Each structure stands twice: as structure tokens, then as C-alpha cells.
Amino acid sequence: MKVKVRKFINYIRKPQHVILLVLLVCLAYLVVFPLFYIVKDTLIVHTSEVNRVHANAGTLTNYHWAKTFLASDTFATFWQPLLHSLICAVLSCVIAILVGGLFAWLIIRTDMHCKKLCSTLFMFLYIMPGWTLAIAWTNFFKNSLVGGTTGIFEAITRVSTPNWFAYGLFPIVLVTGLHYAPYAYILIGGILKNMDSNLEEAAQILNVSRAGIFVKITIPLVKPAILSTILLVFASGLSVFSTAQFLGLPVNFYTLATKMYSYLNGTNPGRGYVYAVVMMVLSLTILVLNQRMLGTRKSYTTVSGKSSNISLTKLRKGRKIISILVTAFVICVTILPFISFATESLTQVKGDYSLANFTLKYWIAEDAGIGFSGILRNPVFWKALKNTLLLAVCCSLGAGTVGALAGYGIARKWGSKLSTVVNGLTFLPYLIPSIALSAIYLSMFSTRHGIIPALYGTYGMLVLIGVVKYLPMASRSGLNSMFQISATLEESATVMGIPWWKRMCKILIPIQKTSIMSGYLLPFTSCTREMELFVLLYTPNSVLLTTLLFMYNQKGYEQFANAITLLIVILVISLNALINKITGASIDSGIGG
Amino acid sequence: MKSKKMLAVLLATTITAISLMGCGSTADTQTENTESTAEVTEEATEETESAEEETAVDEMSYDDLVAAAKEEGSLVFYGANSYLQDAADNFANEFGIKVEFTQLGETEMIEKVTAECNSGAVNADLVCAQDTYRVAAELINTGYAMNWSNSRVGEILGDSDCTMMTWYYDTKSFMYNDELVGDKWLTNLWRITDPEYKGLFTMKDPASEGVNYDMLTMLTSEPYASKLAESYKEYYGKDIELTTDNAGWEFIKMLFENGVILTTSDSTCATTVGALGQADTWIGYFSTQRYSTQEEKGIKLSYDYETCAPFAGYAYPVYAIILNGCSHPNAAKLFSEWLLSENGWAAFNDYFGGFSANPANVHATDYSFDDIKQYIVMDDADYLVEHRADVEDFIETLR
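Chains as they are written, first to last, in numbering that gives the first Met the number 0: chain A, 0 to 592; chain B, 0 to 398.
Read the hints as simulated data drawn from the structure, not as lab findings. Do not take every clue at face value.
[Said to hold, decoys possible] Which chain B residues face chain A? A few, computed with CB under 10 angstroms, are given here:
| hint | residue |
| --- | --- |
| 1 | Thr141 |
| 2 | Ile260 |
| 3 | Trp281 |
Just so you know, these numbers come straight off a predicted model, no measurement behind them. Positions of the beta carbon are idealized from the N, C-alpha and C atoms, including for glycine.
Please model the complete structure; the sequences and the hints are all you need to start from.
This is how it looks when you write it as C-alpha cells:
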């Protein structure tokens, strides 16, 4: 007995053990428990379903599952949306990898012009909320199918865009793929940067053709990065909601996520949870496949030795043209949306771009119609701005700190069962669709459970869900940074009897300062532009910029909605630039490690 | 040992920081709440006693209610209509009671309020909700709504039970752009389902607008379904061939099959239909209020209640519902009663298409609610409770 106790004491004297155990308990409650909760929610009658299921609220029922899989209309209500979701997820991956990969190669391995500008602008795609591109797309390419005034493209060229181009699968896939292309850029770029080009040169000497080098050497080297991108983009593409809603609704194009939303929002939430479960199972399958293909590698991004020898491919004649094309493309997808938001927020009558129609009243007027003052005079806007910033700071502090500690614990105990389990748990929230997670938290925390108080209605609730949802990003960057430090550094300090906190503060953190800061930056950025996660949970006291935007969009106050979108994007980008300037941390180093 | 202590401290501050933050702010709001409720508690206990007496004898006199409301000092309410902000300001000015109004989408509002009531942290005193089906299922049947009555309200509305008090009727109408076709063009609703006009009808997605589900559900009820069948014969010159239960269901089916364009807001529908210089004439179903803002928005809209067979719009009640366990019940009661008064309606005097439940109040339209009742579909809570789920499921299969 005594031996056991001593063993245990010895065990928990090691900080990495304590971190992992505490994380295990917390994550079990905050991540695993909700999963069971979702499954439970697919099996009970909710209050809004009483008249539908004809049973008392809270009783067990197989209604939702039966309706989803056994009813006569399952093709239209389930299988077709499932198919759409899968196609969207797969094609988004393809586009993200092609665009991001090509871009990474051009920036890192060629002698293209304007690299700095392009690289910075390209990151905007990720920094901007995904749906902003969708809004911009409709601003530009709206055609007469949906009636009203047509988009800017048709106004200028007089050419009507075909339906498949303006709505549905094509733009959804394109927008989602472009939004996640920076992932691929960072992950693939990270490897290209560190890859020893001696390998390729050796092949060249051996007279291997260019294509051969690409297929036999470059691709295998960037394979882990591609697989990581697939995992990240597939899970996101599957649950993408706003983009699919904006671009799919006019042509009756539904995905699992938009179907789930309409069930959750309507009077059959139980069925919505069934869809959420299906989406999570799909994401988990991809995760497992991914792990299999990666084998037992240490991390998702593999740095294959530092290289000082990067030879730039000469683009020769194509240099100018390619530079111009790439720059033009990047400007098109980043700057033009800004212009369209600004224009739409300044026009009184939609679609009329004559000078007389421009007005500043939606920004600054005392009374801008419909009982609102201009956005800059609206107290609700300022409250939302304050709340958004506060929330972003709280979430990033929470997720960043927990993520860094998790990274430390996992890295130090790499290979042990506990470490593997915790590592998996920190990534799990990424696979739960935001809307489903927030719906679960809404029901989980609206009543008291043992010692856990009813958090609903508090600001802490928003912080909690933010921390959980962004933990995957933060822990990934924490893990990557800890892997890069050899354990010997810390061990020598341990031998000298230096306490743990001092080892952290004086050795580990200073070495990986920028990388750890990036772990804070990612949650910060994501939180500022997050809508789906918070829209169910915010209360009038904790109104956020994005939830305000959601309300304006729902009500059709388009000028206000465009103005807020513009402000959110500017806010996120300038905060990013500021943090980058002060700390040297940047989003790129966060994902790529 | 030292490192262990430090570690303990660090862990306590970081990993549990989440829950601490949560608890911290809970504590904050709770103390605020308890402070504000502490003052009221004493009275509340008295009130519950007197409330019991009241139901036996009579409710508070108007002056007593005003005094009790002023004692509470503030009112928190949610609503979907932006005009409510003005009403809130008017109420605050008249009684010196601080009013905090939050505009929320209908679905969001119901979700939030049920979550609040479920958690016991009831933030709102009152909600102005309109989706009859969800109000009945999720606020009334769950017991979240306060059961109260007021004879003065009874005199105006003919029913003194205020649990689900209707304070005004809002309307949505089938409108079109008369730029090409002139007025009195939409003579029959079945035109929407006519393949000749395929893809030229728009409405807000019912999945994000419960009252649109309510309207479509009412079409499947009698007498509306029969009226639709008659109009079908007028339009196509033959009896309707049913593949569903009745002409109402058939109308919904044909409407979706004819390529309805669903949007995320009524305003979008209005600009879609009303935009100038279009090659086709669109029909849309959206809030009647949009008719009055067409000049400001640079669009052109028209509607004819009398010409359009069998009906050209829908009227739905907007309820004022007080929540059990709220902090300012008397202010909420006063506000409900006041909404029916002339001053309470003042903010809505110009609200086109809205009709106070108190017939004495003015309306912005040049017809009264009684005038148009025969031309529009009326909301029926009992029917909705029974059938809306079926209509929702049916529509899901049509998408």
C-alpha cells in the first residue's frame, strides 16, 4: 500500500503528469460528455417536439432516427444533403491544396515578384470570415435568377452569369476552398521552406525528369502537410454553414449543415442532432484514416531537417506574367470584397451606383431610418465591439495557455497512453460542428449539474465554449513548438534543481516565444470573426459584432450588415498586424509550427 | 516540493481559469440580480400574498399597478420589431421606468427565453413574440409564461386572461411589382404555381421565419383549402387533381415545385420583387410594412386585397408574454396593459400593415382590420399546434 502511495506521489510530482491528468478530467467533461449529450438528445422528445412525436417532453423516442433513415423521403432529406456535403468537403480540399500548394511553391521556390505583398494578402483569405467571401460573391455575380437588381459584374459587362456559376455547388466549393487555401499554403510552405533541395538536385544530376522529381520527391515530402490540410479542410468543409446558406438557398442546394440548422432552428431539434452525429462520425473517420496514413509520426507537420540551401526555380520568361497574374488574383479575392462591402454600405437604393445615391447616413446619421442611428452612433455597436474584443482576449488567453501547457504535457509524455488520449481529446472539438457544439452547451449549461452551476446567460459561458473550440489550434501550435525543443535542455535544468515554473519561464517559453504567441493569436483571430459558435449562446448583455451582424442580415438591413462586415474584417486584420508588429508572432507560424 | 506548489498555483490560475471566469461572471450577474431582486423580494412576498387575494377579489387597480411598477424601477424585454425601441422610449418617458429593449430574431428569441427560464436565470421580464405555434408549445405549455389576468384588458379584448395576450396583429401580403403590368394584376394566387411564371416567386425561408410555416399550415385547414380549390377552378378552368390531402397541401407542393426563391429576410424579398427595370414581374410574400418604405428603398410594390382570389395575405397575432420568475413582473404587467392604450400604440401609428388589438387605436393603412379580415388568412392556434409539424416535414421533402 505504502509503495503504491509513494509511487503515486512520485508520479504526480512531475508537472507533465499533473497537466495531463487535469486536462483529461476537464476535457472529459467539456468534450466527451457533450458527445454523449448529443447522442442522448437524438433519443429524447424536446419541448418543441411534443406535438410532433405525441409524447411528453423528455421521454425516450426513436422518432428522430427513424425519421432520418426509415421514412419514405430520406433521399431528399438526408442522403442528398449528405452527398452534397461530401462533395463540398472533397472539392474544397482539392481546391485548397491546389491553390495553396501552388501558391506556396511560387512564393517559396521561385523567383516571382511581389512575394511579400502576395503572401500578406493571401493570409487575408483565412483572416476574413468565410462567409464574407460568399457575400462578396453574390454582390458581384448575382444574376436575374433570384430577381431584384443584378450584381456588379452584370451591371458592368451586361453579361448574365449562369446559375451554376452564381449559386450552389460551384461557388460554395470555390469560396470554402479559397478560405482554407492559406492552411495548405502554410503547411506545405513550411515543408518546402525547410526541405533540403539537395534531394531534388541529386535527382536532377541523375537525369530524372522534372515531372519525375515532382512525383517521386516533392510530393512524398509534402505528403504529411497535404494530409493535415485534408483533415482540417474536410472537417471544416463538411460543417460549413453560412456560405452554404447564402449561396445554396436560391437554388435549393442543401448540405447536412444547412439541414441541421433548419431542424435545430425549427421544431425538430432531435433530428438536427442526428445530423450532427453523422457529421461528427464522418469527420472522425477522416481523422482515423489520416492517422493511419501518417503512421506514427511525431506531429502533423514534419520538418525534415533544416536546410540553408533553397534554390529558386527561375520562371524565366513567365516571371513577369506569372507575377502579374498571381498578384491580380490575390487582389481580386481580397481587396475587391472590401470595396464591395464599402460600396453596399454607402448606397441608399440597392444596385444604383450613381453618385447621387451615395450616402453616409448608415454610418453617421442620427436617424438612419427604421428606428436606428448610423452604425458609429449606435450604442449597441460600441457595446458589441467592446464585448467582442474582451471575449477574444479571454478566449485567446484561455485557449493559448491551456494549449501551450497541453503541448508541453503531451510532448514530454509522447507515446504514453495518457498523452495519446489527451492529444486526441484536444483535437476533438475541431470535429464537432460549431452549431451543434453551441446547441449542446446551451442545454448542458442551462441547468445546474452537481457542482457545475448553470452558466447560461453569463459571459463565462461564451469564454468557455470559445476556449474549448479553439483549443485544437492552440494545442497544435503548442505541441509543435514543444517538439522542436530538445528535452535535453530542460533535463539539464532539472539536474541543476531548477523548479518547473522557472524552467518554463526561463528556458522553454523564451526559446519558443513567437510560436507560443501564435498559439494565442489563432484563437484571438478566430474568436473575433466567429458567428456560428456564439449565435445561440449570446445574451443581450453579451451581444457581439458577429451576432449583431447576424441579426441585421436576418432582418435584411443590408447597409448596416455590410458596414459591420467591413468593420469586422478591418478590425481583425489590423489587430493581427498590430500583434505581429509588437510580438513578431503571426498566424502562419501558428499553424505551421 | 517548491515546484509542486508553484505548479499547483499555476494550474489553479490557468486551466481552471475558464471555469473561474464563468463562475466569476455568474457571481457578478447573480449579485446584481440578487441586489435588484433583494429590494423586490420583500414586496414580492407581500405581492404573492396579495396576488393570491387578487385572483380571488380583483387585480390591482391601475394606480396601484403604476405605483408597483415604479417601485420596481425598470423593465427588460425582447422583441423582433425595431419599432419597439420607440415604444420602449415612450414608456420610459411616461412612467420614469428604465426600459431595456433588445431586438432579436424570432427563433433566436424563443430559444434564448426558454434557455433562460430553464436555467432559472430569467433575464427578460417580457417578450413580444409572434410565432403562435412555438409560443404555445415552448412558452405556454412549459409553464414558462406567467398566468395572469386583468379585467381592464378584458374589457378591450373580450378576454381578461393575459397569459398569451395579443396586443397587435401584424400582416404579410402577396405583393408584386406593378411597373410592367399596372395594378389589379394579381387576381388569383394560383398564378404563383403556374409554370408560365416559374421561378418568379420569393418568400423568406420558413425555416428561419416561423410565421411563414404558420401561414402555409393554415392554408391546409378549412375553409382556406376549399377556397383554394375554388380559385384553382377559376384559374385553370378545371377541378384540381389532388396528389395530396387537399388543395392547401397541393398549393404548397406546386409552389415549391415551381421554383420558389427562398431568402433570409423579408427586406430581400421586397427588393427582389420591387427592383426597377426588371424584365419579369415577380411576386413575393412578405411583411405588408415594406409597402410603405418603397420610395425610400427605390423600389415599386403593389398589392390588391380585394382583387386577389382567394386571399392576398396573412394576419398573425403578436403576443406580449410575461415570464414566470422575472425580476419586474409589475412593470411588465403595466407595459402589457399600456401597449393597448393610445400612448402605447403611438410608436406604431405609422406602422403600415399593423393593427392594434385595441380597435380604438389608429392604423396607418386606409382600411381597418375588420375590412380586410375576409381577404386574408387568419391564424388559428389550435389548428397550428395540431398540424404545423406535418407541414414542416412535408416542406423538408420538397426542398
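Right, here's what the structure says about each hint:
1. Thr141: Holds, about 5 angstroms.
2. Ile260: holds, 5 angstroms
3. Trp281: holds, 5 angstroms
The structure is consistent with each of the numbered hints, conforming to all of them.
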